[in-house]
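Just add 4 to wherever you are in the sequence shown, counting from 1, and you've got the working numbering.
No lab work stands behind these hints, which were simulated from the structure alone. Just so it is clear, the structure is predicted and the values come from calculations on it, not from any experiment. Beta carbons: idealized from backbone N, C-alpha and C, even for Gly. Hints are supplied without guarantee of correctness; some may be wrong.
[Claimed, not checked] With a straight-line Cα cutoff of 35 Å, these simulated DSBU-like cross-link-like pairs (lysine-lysine) come out:
| id | residue 1 | residue 2 |
| --- | --- | --- |
| 1 | K155 | K53 |
| 2 | K46 | K153 |
| 3 | K111 | K162 |
| 4 | K111 | K155 |
| 5 | K46 | K155 |
[As the list claims (entries may be wrong)] Have a look at the derived ranges for each label pair, beta carbon to beta carbon:
| id | residue 1 | residue 2 | range |
| --- | --- | --- | --- |
| 6 | R144 | E213 | 36 to 44 Å |
| 7 | R110 | A222 | 18 to 26 Å |
| 8 | G77 | G164 | 16 to 24 Å |
| 9 | I186 | E121 | 21 to 29 Å |
| 10 | L185 | S230 | 42 to 50 Å |
| 11 | S169 | N65 | 29 to 37 Å |
| 12 | K53 | S169 | 35 to 43 Å |
| 13 | E121 | Y95 | 38 to 46 Å |
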Amino acid sequence: MKLIDETDGDVDGDVDESSASRSTTRRSLGTRDPDWQHFYQKARDGNVKATVVIDFEYEFNNTVERMYCFEDGDTSRVVIHVHTLEVWPGYATANDPATDPTTRARKVTAVNLRRAERLQSCKPGQASKILWQKFWMNPRGCSVVGVPKWKRLVQEGKGGDIQWSWGLGGDVPPEESRLHLIRQEKWRPPLTMEADVKVAYDEVRYVIELGEQLLQQAGNFYVSASPRESSGLMRGAAGSMPVRYKWPDAHNGGARRGPSPAPAPAPAPAP
Numbered sequence: 005m006k007l008i009d010e011t012d013g014d015v016d017g018d019v020d021e022s023s024a025s026r027s028t029t030r031r032s033l034g035t036r037d038p039d040w041q042h043f044y045q046k047a048r049d050g051n052v053k054a055t056v057v058i059d060f061e062y063e064f065n066n067t068v069e070r071m072y073c074f075e076d077g078d079t080s081r082v083v084i085h086v087h088t089l090e091v092w093p094g095y096a097t098a099n100d101p102a103t104d105p106t107t108r109a110r111k112v113t114a115v116n117l118r119r120a121e122r123l124q125s126c127k128p129g130q131a132s133k134i135l136w137q138k139f140w141m142n143p144r145g146c147s148v149v150g151v152p153k154w155k156r157l158v159q160e161g162k163g164g165d166i167q168w169s170w171g172l173g174g175d176v177p178p179e180e181s182r183l184h185l186i187r188q189e190k191w192r193p194p195l196t197m198e199a200d201v202k203v204a205y206d207e208v209r210y211v212i213e214l215g216e217q218l219l220q221q222a223g224n225f226y227v228s229a230s231p232r233e234s235s236g237l238m239r240g241a242a243g244s245m246p247v248r249y250k251w252p253d254a255h256n257g258g259a260r261r262g263p264s265p266a267p268a269p270a271p272a273p274a275p
């Protein structure tokens, strides 16, 4: 997944928290990004449909990365990339029907949002006769949640400080709590930053759970070995469009879960 690896750093929030905190009294949270807010509100209103879940190897540290694809009424797909610290088991093992994908990506780190633009080819003069269809991943996107400089912390062996469990309500990475204490010492009066951060993670938690529900239905989960393969898989398993290639069989398993309740709004920042 070379293309994804090369562009993830641009949108995964891998910025210096110390310099950011010197220039502003508020953490720059990706959930304030207009694209995320637009998508998240559609999800809360029931106007978003998860289409497919794809696992692949993130080559920066050879770990499992999971992507959830959603339709939100536009011609593009909304793609949520979720990083983990789980060692990539290899394509054959990850794609083994005996393995349960619901056991992977339970603890995650950084999450980003991208859009994948629809590309298709039709027979000349016959717009309804689609020969093939795929999606092109726009490298521009936004980091939604994730500890600043998380890649550096991984390289320093502090990966446990940046993990959080999306299945545990209110959970945030330990490093977020540490950074909050630092910000509290730098600014007076005390900030309401922690409430903002928890709400941000709860919003992302809700969207991940929507995507995870697909794993309870056959034909919605795949393991990808290349960007081209992911591009085709993003069409979703419902398959109203012709499929050009034979993809790995989907796996179905795990207990069914529903989405979390809507997170409580963050209190207004102190004047």
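Exercise. What are the numbers of the hints the structure violates, in ascending order?
Worked result: 6, 8, 9, 11, 12, 13
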